[in-house]
Amino acid sequence: MSIGAVLAFLRDDFPEVTISKIRFLEAEGLVEPQRTPSGYRKFSPADVERLAYVLRMQRDHYLPLRVIREHLDAIERGETPPALPPAADARPGPLEEADRELGASSEVSSGVRLGRAELLAAAEAGERDLAEWEAYGLIASGPDGGYDGEALQVARLVAELGRYGLEPRHLRAMKAAADREIALVEQVVAPLRRHRNPQTRAHAEATARELATLSVRLHAAMVQAGLRTRA
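If you're matching positions, the sequence shown starts at 72 in our numbering and goes up one per residue.
Among the hints, erroneous ones may be present.
To be verified - Taking CB as the label site, the calculated pair distances span:
1. L289 with Y235: 21 to 29 Å
2. A202 with R127: 40 to 48 Å
3. A206 with T300: 34 to 42 Å
4. A292 with R127: 12 to 20 Å
5. Y235 with A202: 15 to 23 Å
Claimed, not checked - Calculated pairs, EDC-like style, for lysine to aspartate or glutamate (alpha carbon to alpha carbon, straight line, at most 16 Å):
6. K113 with E97
7. K113 with E103
8. K246 with E203
9. K246 with E221
10. K246 with E205
It is worth saying that the hints were derived from the structure and are not from the lab. Heads up, the beta-carbon is just placed ideally off N, CA and C, and yes, glycines get one too.
Hey, can you work out the whole structure from these sequences and the hints?
Laid out in structure tokens, this is it:
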């Protein structure tokens, strides 16, 4: 199967998966598709099964890639992999909500350009709200004056937090933390982005997205753990 066919097959069960995600898992050695003489990837049924296993372990059990690799190695040796942690509770918590928001963001971000009025309508906010968000650096328009999908997600979340009494000035700490996390990701991927090989640069972008996802999920997990200790 081509990588496009694999993506179409997996999206029935894993709607958040992308070609970049598949390439990232390949770069991490979790799947090794064959290559045609012209360099195109060709995935076998076993490769697709491995990908589905990896995605399922990430989604249902939140296992890191290192542990998933150990599971796959055990299965290949004919051994029983280590016991899995219980699947996530049906009632979503902060971690599950973070995953939902990340999935929603990936769905709307590609190619979306909104004008100011469109953003306000989509976020159910007013002009005064947006001006304040921009003043605190929570949202910024692009060079064309428009807003992308990520800005839309931020606007919706900031507006939702506002309904609980959290104002933009309360969110400055979150923005500062996000800026520090961005700097950490850039530190990791900057050498890859400077590489002349297009595949290496593509891997840099996939790695940046994966690190961003892990960072958000780590933050959500810490919030979830902290709330549990105070219950």
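Could you tell me whether the CB distance from A206 to T300 stays inside 34 to 42 Å?
-> holds (35 Å)
16 Å Cα cutoff - pair K113, E103 = holds (9 Å)
Check the following: the C-beta atoms of A202 and R127 are separated by a distance inside 40 to 48 Å.
-> Holds: the Cβ-Cβ distance is about 44 Å, inside 40 to 48 Å.
Is the hinted range of 12 to 20 Å satisfied by the C-beta distance from A292 to R127?
-> holds (19 Å)
Take a quick look at whether K246 and E205 sit within 16 Å of each other, Cα to Cα.
-> The hint holds at about 12 Å.
Taken at face value, is the distance from the CA of E221 to the CA of K246 at most 16 Å?
-> holds (14 Å)
Just tell me: holds or violated, for the beta carbon distance of L289 and Y235 against 21 to 29 Å?
-> holds (23 Å)
Is the hinted pair K246 and E203 satisfied, with a Cα-Cα distance of at most 16 Å?
-> Holds, at roughly 14 Å.
Restraint check for K113 with E97, where alpha carbons must lie at most 16 Å apart = holds (12 Å)
Is it true that Y235 and A202 lie within 15 to 23 Å of each other by Cβ?
-> holds (21 Å)
Hint compliance for this structure: every hint is met.
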